[in-house]
Amino acid sequence: MTGRATLPALVAVAFTAGTAATIAVAARQLGEAQAAASRSVARMAAELWELSGGADEAARSFVDAGIAIESVPAPGSGQPANRMGPGESPSEPGAHAYRAGSLQPAVWIAVPPQPRESPLPPTATALALLGSLLMSAWALARRRAPAPPGYPTIVALTATALLGAVAATTHRWADSELEALSDRHAGHALRAVEAALDLGTDPERAARVAGLPWAASAALTRPDQLWTMPQDVGVALAAIPDPPYATPFTVAVGRTTWHAGLVTLPAQGPAAPFRALHLALLGYEETRAPTVPLAAAATAASLLTALILFLLPLSAHPPLLRRTVTAWAFLAPAALLLAIFTFGPLLFSLWISLHEWHLVDPVHPFVGLDRYRQIILDVDWWTALRNTGIFTLHVPLAMAVALGLALLTRGSRRAVRLARLALFLPSITSVVAIAVVWKWLLNDGYGPVNQLLESVGLAPVSWLTSPEVALVTLMAISVWMVVGYQMVVFQAGLAAIPRDWYDAARVDGAGAVQRFRHITLPGLRHTLFFVLVTSVIGSFQVFGLVYVMTEGGPLGATDVAVYHIYREAWEFLRFGNAAAMSWILFAVVFVATWLHFRLLEGRAVHA
Amino acid sequence: MTPAPRGVTLRGVEKRFGAVTAVAAADLEVRPGELMALVGPSGCGKSTLLRLIAGLEEPDGGEVLIGERPVNDVAPGDRDVAMVFQSYALYPHMTVAGNLGFGLRVRGTNRAEIEERVDRTARVLGLQDLLSRRPGQLSGGQQQRVALGRAMVRDPGVFLFDEPLSNLDAGLRLRTRDEIAALHRRLGTTMIFVTHDQTEALSLGQRVAVMDQGRILQVGTPDAIYRQPANLFVATFVGSPPINRLRLSREADGSLTGGPFRFAPERPLDAATLAVRPEDLAIAPQGPQPDITPAVRQPDSTATVLRIEALGSEQRVHLDGPADAAWVVRASPSVRVSPGDPVHISVAWERTHLFGPDGSRMGPAPRPIHLLRDT
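Keeping their order, the protein sequence lines are chains A and B.
Using my numbering, the letters of the first sequence correspond one by one to residues 1 to 607.
Using my numbering, the letters of the second sequence correspond one by one to residues 1 to 375.
Misleading hints may appear alongside valid ones.
Stated by the list, open to error - Examples of chain A residues lying across from chain B (beta carbon under 10 angstroms, computed):
#1 Arg499
#2 Trp501
#3 Gly511
Honestly, the hints are just simulated from the structure, not real lab data.
Given the structure is predicted, the values throughout are model-derived calculations rather than measurements.
All C-beta atoms in this analysis are idealised placements derived from N, C-alpha and C, irrespective of residue type, glycine included.
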C-alpha cells in the first residue's frame, strides 16, 4: 500500500528537515549577530574618524586588532544613505561601511567582515547526518515490512532523542560562538571609547561612540549620574572590588551576562571629578543563543515525526488511514489558528510577565516571579480586585431581576413582545454608546436625572463623582445592561421545562410559590448556573463602562482589575506588570469558576 | 383506610381554545368506584376533558362535580384527584421517595406519616429498592410505577390516567394494563382512564365513553359499545378489524339498495349505511361442493378472495366485494380458501346495523327483499 512505503520515508524527511531547520536557525542567528557586530565596528570607526577630524590614526589604532580600514570616496553626492551593507561598497565587497558625513568631503569608512570560524556547528551537524542516515536506513528497511501492529515507540524515542541532542549541541555551539563574538565586540567598544577619550572627547560623547545601548558615563557612587545603564547593572558593577582597567570583563545580572569595562578618564576635562568611565555593554539579544526558536524547531520536528509514526500502524487499514489523515487535515487549520492566536499570545503574555519588557528596549532580562511578588504586595492592585469583587455582586441581583422579568414576559402578546424587545436592546447596544448616554444622564451639573430629582425637591446625587456612590452607579447600569440577555436565556430555560411537571405539581397540591421552588428553580438549574458563571466572568472583565464613564475614579473608587491592567500597560507602559496582573486575574476567575462548579453544579440537589 | 370513592359528574361542560371547541357540552356520569375508559381518536378532546376534571383547565361553561361537590372554582390540589401523566411527569431532580412524597410534603403532612405512606405505596408497587434512585436511573416500566405510586400515595377519591400506557412497549403495556385492573379491584377507587386505543378501553373499562370532535358520542359497557354502537363513528372506531360497511341509496320504489342487497326500510330513508362485524359474516368456497359450510347454507352474495391474514386461531379474509366495498371476514382456520377463489358470503342479519343518513343507529338491517343469486 502507498502509506506503508510513504510514511517511513516521510518520517525520515521530517526528521532531516527538523535537524536542518534547527541548525539553520542557529546559523542564521549567528550570521546576523556577526553582521551586526561588523556594522557596529564600522560605525565606531566612522565616529572616531569624524571625532579626529579626518585624521585616521585614532580610527586605525582602534582597529589595531587585525581589522583593516579603508577610506573610500563617497559614491556620489546624491547618495542619501550613510550606511552600506555587504556588496554595496565598491572597493570592499564584503564590508560594512559608514559614512563619516560631517566631514568635507564625506568619506566612507569600510570595515571588512570579521572572519568566521565555522559556519555550522560541527557536533550538531555530525549528529544530524548520523540521525538522518539512521532514519533513512530504517525507512528503507520498512519498505518491504508489513505495517507494525502498534506505535513504533523505539523509533519515536530515538528520533526525539536525536532531535533533542542536535538542538542541545547547536544551542551550546551558538551560545559559545555568540559569547566569543560578544566578547570581541565589547573589546572593540572599549577601545573605541578609549580612543575617543584620547582625542579629548567628553566622556558622555565618548561613551556614545561605542554605540551600544547601555553605557554609563558616571561614577557608580552617584546613581543620579547614571546614563542609560540599568540600575541593577550599576549596582553589580559597583560591587566589584577591583575591576581591571581597559580590559572587558563580565558581570552577571539576573540571567543576563553583561560585558563591562573601565576606562581611565583624563585628569582634566568636563568629567574631572570622576576617576573612570564605566561601561556596561551588550545585553544584546543577538548575543544570546536562540533558545526558544531552537526548542520550537526541535519540538515541532519531534511532534511531526511522532504524528507520522502514529499513522504507521494505521497503514495496514488504508480506509482508516485515509479517514484519520482527512480528519487531521480538517482539524489542522483550526488547531493552527488556535495555536497562533490563542495559545501563542497566552504564552507570550506569560513570558512577558516573567521578563523585563518594554516597547522599545530590545533587552528582556528574566525577572522570574519578582513581579508577581510586587503585585501581591501592591495595595492599589488589591483595591482594584476588591472593586471588581464588589462590582460582581451586581450579578446575583441582575439574575433575580432577569428571572422575574422572564416569568413576567412569557407568552406572545404584542405588549409582552415589545417589552421583551425593549429589555433586550441594551444587550445589543455598544457599551461605549450606553456609557456615554448614561454619563450624560447622570452628570452632576446638567444631567437630566439630577434635574428631575431637584424638580421634585430631592437633593441631587453625585452619581459618578462621589467615591461612595460611583461604583454602585456602575453596578446599577450594569444590571440594566445585562438583564435583557439573561432574561432571554432564562426564557429559553423556562420553555424547556415540560408543562407536565407543573400540571403534576398542581394536582399534587403545590401552590405557585411551591411550584416555583420545586419545579421552576430545579428545572432552571443548569440555565442559572450557565448565566451565573458567564456573568461572573464577564463582570470580572468589565472595562468599557469604567473606561468611558469614570476612568477608575473618583479616587480609584471604580478602578477595576481590567481597567487597572489597561492603565498599567498603556499609560505607564509597564507591560510586564500588566501581563502578570492579567495572569493573577485569570487565576482569580479560574478559582471562582472552579468554586462555582464545585459548590453548585456538582452538588446533588435533593428537594 | 381508603376513603370512600367519589363519583364524577360533568354537566354541559365546554372548553374552547380560541376558535377551536375542544369539548362541547359534555355530560358524563362516572359512578363511585367505577373504572371509566375515555376513548377516541387523537384530538377528540378526551385529554382536555380529563384535565377539566383535574382542574388543570377551566371550563368555559357547565359544571364539574366530584362527589357531590361542584369543583369549578377548586384548585387541582384540593379536588381530591390524582393524575398519572402520559410522560409520567416525574420530578427529575427528586428521588423516587421524593417524588412519591411530594404531594404530601407540599400539604404539610408530618414527616413520619409521609415516610409511612411512601413505604406502604412502595411495597404495594414493588418500588422498595428504588426509593433512593432518580427517575433518570429507572426503566420506562419502573417510571410508570412511580407515577402510579405518586397518585396512590395520597389516597385520592378519583384517579385520572392520561394515556399512561402509550410510552410502554407492547408486552409491558399488557402487563401494566392487568396491574391497573388489579389495582382498581383492590383499591375500589373511581378511575378515569384516557386512551386512544379502543382495545385498551374495552378491555380495561367497566364502562367506556367514546368521544369524537369534542363530543361524547356514547357511554356504555364495552359489550354495549361493541354490539349496539350508537352511531356509525362508534361502530367504526371500536373493533379490529374495523366493521364492514356498505353505502345504501334510495331507489324509486322507496327501497334501499347497495351492491347485491335491497331492503325495504320500516320508514323511508334517503340513504343509509349497512355495517357488519367481520365475525358476523361467513364464507364458503363456490362450486359444486356437497359439503358446503353449514354457516353458508343460504349465500347472500358472492365475492373473490383478495388476501388472507392467517393469525393461527382465526383467519382474516379480505374480499373484493360486495360491490365496491372491500369487506373483511373473520373466519375459522378450517375454511379452506386461497387468494383468487370466488366465495359465497352469508350475513348474520340479526347482528347487522343500519345507520341513518345522520349516522345514528336505526337497529339491525332487515332481511334483504331481493337476493342477487349466483348464476
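Comparing the hints with the structure gives:
1. Arg499: holds, 9 angstroms
2. Trp501: holds, 5 angstroms
3. Gly511: The hint holds - Gly511(A) has a Cβ within 10 angstroms of chain B, the shortest such distance being about 7 angstroms.
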